[in-house]
Structure formats: C-alpha cells, structure tokens
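With these hints in hand, go ahead and build the complete structure from the sequences.
Protein chains: 2
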Amino acid sequence: MPVAVDAMGGDRGSGIIVEGAIIAARERGVESILVGKEDHLRAELRRLGGEGLPISVYPASQVVEMGESPADAMRRKKDSSIQVAFNLVKEGKASSVVSAGNSGATLATAMFTLGRIKGVRPAICTLMPTLKDPLVLIDVGANVDCKPLHLLQFGIMASVYYRECLKNPNPRVGLMSIGEEHSKGNQQVKKAYDLLSGSDLNFVGNVEGRDLFRGDVHVIVCDGFVGNICLKLSEGLGEAVLSMLRTEIKGSIMATIGYTLAKTAFKRFQKRVDYAEYGGAPLLGINGVALICHGMSPAKALKNAIISSKDLVEIKLAKKLADSLSKRQDLLRLV
Amino acid sequence: MPVAVDAMGGDRGSGIIVEGAIIAARERGVESILVGKEDHLRAELRRLGGEGLPISVYPASQVVEMGESPADAMRRKKDSSIQVAFNLVKEGKASSVVSAGNSGATLATAMFTLGRIKGVRPAICTLMPTLKDPLVLIDVGANVDCKPLHLLQFGIMASVYYRECLKNPNPRVGLMSIGEEHSKGNQQVKKAYDLLSGSDLNFVGNVEGRDLFRGDVHVIVCDGFVGNICLKLSEGLGEAVLSMLRTEIKGSIMATIGYTLAKTAFKRFQKRVDYAEYGGAPLLGINGVALICHGMSPAKALKNAIISSKDLVEIKLAKKLADSLSKRQDLLRLV
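Line by line, the protein sequences give chains A and B.
Okay, so the first sequence: first residue is 10 according to the numbering used here, each after it adds one.
Okay, so the second sequence: first residue is 10 according to the numbering used here, each after it adds one.
It should be emphasised that the hints constitute simulated quantities derived from the structure, not laboratory data.
All values derive from a computational prediction rather than experimental measurement.
Warning: the hint list may mix true and false statements.
Which copy is meant is left open, because identical chains are indistinguishable; a pair holds if it fits in one copy or across any two.
Stated by the list, open to error - In silico lysine to aspartate or glutamate, EDC-like type, Cα no more than 16 angstroms apart, as pairs:
no.: 1; residue 1: K200; residue 2: D154
no.: 2; residue 1: K241; residue 2: E189
no.: 3; residue 1: K141; residue 2: E248
no.: 4; residue 1: K336; residue 2: D209
Right under this line is the structure:
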C-alpha cells in the first residue's frame, strides 16, 4: 500500500517533497500518493521527471500554514493536505503519512483521525547521531506538560521502536536530568525515576545533557518541552561550530589550503552529523504510522522518511507498541 | 580585600586551584586566600612558585565531596573549605568566594551564610560563546522547579549583570521556549511570557534552542532544570563535534596534512568555544559575590573566575541587583 505524503507542507515548497518521493520510488520502489493541489503537483512531478514511477496525486484544496494553530486548522480546514493524507490511511487507501508541515497540526490530526493507543499520550521521537550508537530522544515536542507516568510510557514506546528498528534486543534507557544521582532533578523527573526503575525496561538511571552524544545510552526520555529545546539546541550548535570553524579557516591561506586537503574528511563528518540522513521523526502511540519531518527538510530527508514509513508499517510497529503497553494495564488505567 | 578561594573543591585537585590563584596574582595583582588543608596548600603554593605573591592560606579541616548532599554537608561539615570561605566574607576578611567544588553546597552555603536579596530566588548564570555577542543563560541549575515569577526575577538580574559587566546598556532578553509565538511553551513559560512582556526589560519574546548560538539575544531565561541540560548539552556536543572531526581526519593522509596546515585556525576556533575562557558562573541574588566553577576547570578558568570575582565586587554588583529588584516591590511581595 502506498505512503500518503503531505506534499504542501514544509518551508521549501512542494518541489522538494515531490523530489523526495521520486528518489524513494527509484531507490527502493516505494509507492506514494502526493496529497495537495492537484494541477500543481502533477506539474512538479512532470518537471522533475517522476512520470512512470509508482507515484499518484490525490487532491486536497487547502494548506495548513506553518504558524497556524492546530485546533483552528483542524476545525476550519477539513480539506487540508494533512487531513486528507490521514483520511486516506483511515479509508485503507494508504499505509501511513509523511509530513514536513505544521507538526502540531500533523500530531493533532493523527490523533483525531486514526486515534491513539488507549490510555497513551502519543509522543514524537527522533534519532540523533552520537559517537557510538544512534540515540532515540523522546518526546521532542508533542507533550509540553507531562506527568511522570507519561515519561514511563515514552520509555516503553521508544524501547520497542529501538528494538524493532535498530536491531538491539535490550536498549539502554536513560532519564534526562541534571545529575546522575536519583535525588537530582525536578519533581516530575524524580517521580519518573521511580516508575522507570520499577519497570522491566533496561533503565540505566539519570543521564545529563553531555551524555547525549556519547552514545552509551540508546533511549533518552524527557518531556516534549525539554526534548524540543535539546533537539533545536543540537542543530543550532552543530551549525554554529561549523560556521565558527569556517570563519577561522577563511582568515588564513595555509588554513584554506589545509581545509581543501581535508575536505573529504569534512564531508564525511558533515554526513555524520546531518539530521537529513535520519529522515523523519515517528509519532509513537497513535493507531497507525506517521512521520514528521523538519520544515526545512531537503529531498534526502523526505526520501528517508518515506522509506522509513513503509518499513515501520511492514514491521507492524503500531501493533507492537500497543501490545507492549497493554502488558502494563496499570499504566493505562492511571492516566 | 582578597578573594576567598575554596582550594579543596573540584575534580582535579588543589594544584590546579592554587595555580589559578597564582596566575590571577601575577597577571592582575589579585589578592586571594586559599581555604583548605593548611599544610597541603602551603606545600602546593611552594611547589608552584607562589611564595611572595599576595596569596595567603586559611585553614579548614573538612572537604565537601562532589556527590554529597548539600543539606548534609552544611549540617555535618561546619569547618568545610566552602563554609569557611563564606565565613571569611561574612566576617569582612574576604570580598567574595570562588569555588569549583560541589555547586549545590556552594549555593546553599552562600544563601545561608550571606543571605539572599529579600524575596528573591538566587540563580546561577553563565556566559556562553555565540556567533556574535556573548550570551548569559540564567538559571543553569540553582532552581529546578520555578514559578513564572522567578523567571522574571532571573531576567531582571541577568539584565543588570549584562549591562554592568558586558557594557551593553539595554541587553535583549529572550525566554527559552519551543516556538516563537506567545502560545508556544509549557504552562510555566506561557505565564512567564506575560510577566516579562509587562516588565521594563528589553524583552524580545520566546527564543528556541537553535537561537542560543546566533548571538542575537543577550540574556536567555529558563528554569534551572532546562538551563543545566542546555549547558551540559552544549559542552557535550562541542566535544563530540571535535571528536568526530578528529576521527574523520585521522582516516586520511591528505586530511592529516590539511589539518596540520589548518591547525592555527583550529586552535583559534577551540579558544572561541572554550568555556574556560569565561571562568566561573556568578550566583546572582545573594547578598554578596560568589562564583561557581565547573569541577573540571583548568587553572585558566579559575584564574578568570578569581579576576571576575574581584571585578564584580568593585562594580558593586550585589547592590545594583538589589536596587533593581527593589524597584519592583510587587515581585518581592508575591514570592
């Protein structure tokens, strides 16, 4: 079944999104449905040489703007590309959704249209590069005010995701805090520590900001406010470090020659820290599969998200998450 | 009046701290009192060639360990180097305190011994490098659970600090959140937004994680939980980026030659992102001056902290903070 792609979302126009779908079809034969303004998308598909590939276009007359309130968008734009993409999944015409548009609206529409796993707060998780194994950070923005119990749910969901997608049978789970000791952290985190310790997760205790990139922990749990700040801080600092380095290099002829010689190493390095390599961020806890991409995503990130989306459907991730959570009925009752 | 230096704190032994005091005395003639185990410190001072400089030693028989609970330490170790250092300030024998030891204990001892500005929650602020002006992040760990009002107090204190120490008459103040719009953020931050908007600060609204390093905002306000995570994440990511870059460079002969040619640029770059350049983190809101250094601080960071400490006393920072806060009596009453 094809992946429904919100072809009107993102900050860089539909061309980038269509291009992502084309590469996914060429490289991995992934079928997709581009949802949005029909004539425009057909023209883009033609312009980018995507005819003849397993890519169709499905009409949606409205577009949710990036700054728009999710509640307003859902109420007023019943024919938005985001809403129509989720409708296609609900109607059994598509397997999953990929969107680089308004992430709040994507989240709200996913929950409303597909529903969530009973008693669970859906969360957005993201893969981050580290010095060793990739890290899954959860939640990166779906829930700004969380109860300790939600942090436990996030830990359970991200562990299943890590186990299934990154082939590690027993991922190490850490709780984001400001010191290793149990006594460190705010009220929310101290209570979450007890819940995580008492669970059957491979919980390794609190981790600090500096531990993120060491790669010793596979899953880090935090609320969506903290997680979103961490995610954007990492992107910003990565850019800033490279920008400062370029400024210093430009100041000297020897350094410029040196940089030229070392360029391949720099390119490999940039690839390692490039978020686009990791594609979209899956929304865990809904009855279905949806991936949220950065608004500035390049075609490569969209391609990777479309491929991941298909993979997550094939491994039946949503069902595995529901099974894992239902083993802990106490969690669901407490919410 | 000399600066009281907790010479037993930190993860790297007393030698580093004594060395910091020696360089501060040599470079800027700053007087200091090394507080701690007398014989040991005198031997270190001799070993490092610090005799004849305006550095004295004051005995304290106990040491607060890095992982020790601040409350326990204060109750059981009345003769710790941290406590004795603050006693010297209280008795008028020293102007201020610098410690690289247990930061929770330093904070608690400062509040208990010197007192805090009435109605105010003291906070730790830190200077961070950016692509433009330095940034003051407040709070980075003193208050893990804050009310919106405390975030306003932090904004007022950090603005005074920025104005006085970084010579900017009207620093731009941002509130750390997860989107620029007023509607973004958790409950605490949304309420703090209203308080900051209604204040006479140069409040520019919400800022996101990625804005930290751009340098367009001078002060960023957040609670100590979020701030501490941001600070440690930045340190960790800076190290990780350099480490990944080194790994890539080592893989190729051309890149190694290139790196050698570009080395001076790299060194300038490392200096720019080196936290040691900025010395200690001032504790704002107490009746006095105290600077908290990273446990892993090199001698240079301690030297810079000792010099800053003297400067903050000379410009009467504590009095200026109290004056600024007392103009807003409503803030103090509400707490």
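Structure-based check of all given hints:
no. : hint        : verdict
1   : K200 - D154 : both (14 angstroms within a copy, 14 angstroms between copies)
2   : K241 - E189 : between (24 angstroms within a copy, 13 angstroms between copies)
3   : K141 - E248 : between (21 angstroms within a copy, 14 angstroms between copies)
4   : K336 - D209 : within (11 angstroms within a copy, 54 angstroms between copies)
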